[in-house]
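A.B. asks: Sequence:
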Amino acid sequence: MTDVSPAESSKTLEEALEKYEITLESYQIEMLRDYCQLLWQWNERMNLTRHTDYDRFVSRDIVDSLELADQIDTGVEVLDFGTGGGVPGIPLAILRPDLQVSLCESVGKKASAVDDMVQQLGLPVPVMNVRVEKLLEELNYDVLVCRAVGPLWKLGLWLQPHWHLFGQLLAIKGPNWPEERKEARHRGYMQNVSLRKIHSYPMIGTESESYILKLWSAMKEEPPHVD
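Numbered per numbering that gives the first Met the number 0, the sequence shown spans residues 0 to 226.
Derived from the structure by calculation, the hints contain no laboratory data. Careful, some of the hints might be misleading.
Keeping only pairs whose Cα atoms sit at most 25 Å apart, straight-line, the calculated DSS-like set for lysine-lysine is [claimed, not checked]:
(1) K196 to K219
(2) K196 to K213
(3) K196 to K181
(4) K108 to K153
(5) K153 to K133
(6) K133 to K219
(7) K181 to K219
(8) K213 to K153
(9) K181 to K213
(10) K153 to K196
(11) K10 to K133
(12) K133 to K108
(13) K181 to K153
(14) K153 to K219
Beta-carbon label-pair distances, calculated as ranges [as the list claims (entries may be wrong)]:
(15) D69 to R32: 20 to 26 Å
(16) N46 to H224: 33 to 39 Å
(17) M218 to I197: 29 to 35 Å
(18) K133 to V225: 25 to 31 Å
(19) T22 to G107: 36 to 42 Å
(20) M218 to N175: 25 to 31 Å
(21) D97 to Q159: 30 to 36 Å
Predicted model only: the values in this text are computed from it and were never measured. From the three backbone atoms N, C-alpha and C, an ideal C-beta is built for every residue, glycine too.
Modelling step: build the complete structure from the supplied sequences, incorporating the hints.
C.D. replies: What follows is the structure, given as structure tokens:
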């Protein structure tokens, strides 16, 4: 992938993928194109995404999902909570069919929209209209993932009683994540929680970087890093 500041907007998904030097299987491109169109159709009825052209869809949603996918081991159970319009969970399920991906969204209208997309795409991805805290009381997952759900202190608040019930959380964050960590510690939500920055990559079209943080129960050994 390359940091591109395009002067001209991409007219197709294939053009945007080529612009950002992303190579995928043909069936993945077809499914991502279908997902993109479904997402934009639903976005006309409710606010699901601000990435409403191919360049932003690829440079934000697909890049984030690809970078995240590189940090997840083979064949594990993944829960994308607060999925909103389905990112990163739906792209993850398309890019990494070996993963067992589930989606969780507490807002009923968004959950219904995402479930419709999943059904039309034919993906074996359960969509649950429930808060993550409630879901973790009933089901276990190897990896939780999230993007743009809330600051670290809110994640800590929601997950505080449940860190022992899953392997790790991988959170996509922007450059202000150290300030978020400081606030979470100040509020007491990082007690018994370990955090490590495991990856960073350019936020295309900006001077900033995106970061993937790994969080896990300090009562457990650190989950292994995927090379």
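A.B. asks: Confirm or reject each hint.
C.D. replies: Hint check results:
For the hint linking K196 to K219, the alpha-carbon distance of about 18 Å falls within 25 Å, and the restraint holds. Simply put, K196 and K213 have alpha-carbon atoms about 6 Å apart, close enough for the 25 Å limit, and the pair holds. For the hint pairing K196 with K181, the CA-to-CA distance comes to about 14 Å; that is within 25 Å, so the pair holds. A distance of roughly 22 Å separates the Cα atoms of K108 and K153; the hinted pair therefore holds under the 25 Å criterion.
For the hint linking K153 to K133, the alpha-carbon distance of about 15 Å falls within 25 Å, and the restraint holds. With a CA separation close to 22 Å, the supplied pair K133 and K219 stays within the 25 Å bound. Straight-line distance between C-alpha atoms of K181 and K219 comes to about 22 Å, which keeps the hinted pair within the 25 Å bound. For the hint linking K213 to K153, the alpha-carbon distance of about 16 Å falls within 25 Å, and the restraint holds.
Proximity of K181 to K213 is assessed by CA-CA distance (about 16 Å); at most 25 Å being required, the pair is judged to hold. At most 25 Å may separate the alpha-carbon atoms for a hinted pair to count; K153 and K196 meet this at roughly 18 Å. Straight-line distance between C-alpha atoms of K10 and K133 comes to about 42 Å, which puts the hinted pair past the 25 Å bound. Straight-line distance between C-alpha atoms of K133 and K108 comes to about 18 Å, which keeps the hinted pair within the 25 Å bound.
For the hint linking K181 to K153, the alpha-carbon distance of about 13 Å falls within 25 Å, and the restraint holds. Of the pairs offered as hints, the one joining K153 and K219 holds, with about 22 Å between alpha carbons and a cut-off of 25 Å not exceeded. Here the CB-CB span from D69 to R32 is close to 22 Å, well matched to the stated 20 to 26 Å. For N46 paired with H224, a C-beta distance near 36 Å keeps the hint of 33 to 39 Å intact.
At roughly 20 Å, the beta-carbon separation of M218 and I197 lies outside the given 29 to 35 Å, and the hint is violated. Checked against the hint of 25 to 31 Å, the pair K133 and V225 passes, with Cβ atoms roughly 29 Å apart. With their beta carbons about 38 Å apart, T22 and G107 fall inside the hinted range of 36 to 42 Å. A hinted range of 25 to 31 Å holds for the C-beta pair M218 and N175, which are about 28 Å apart.
The supplied range of 30 to 36 Å is met by D97 and Q159, whose beta-carbon atoms lie about 31 Å from each other.
When the structure is compared with the earlier hints, violations turn up for hints 11, 17 and for no others.
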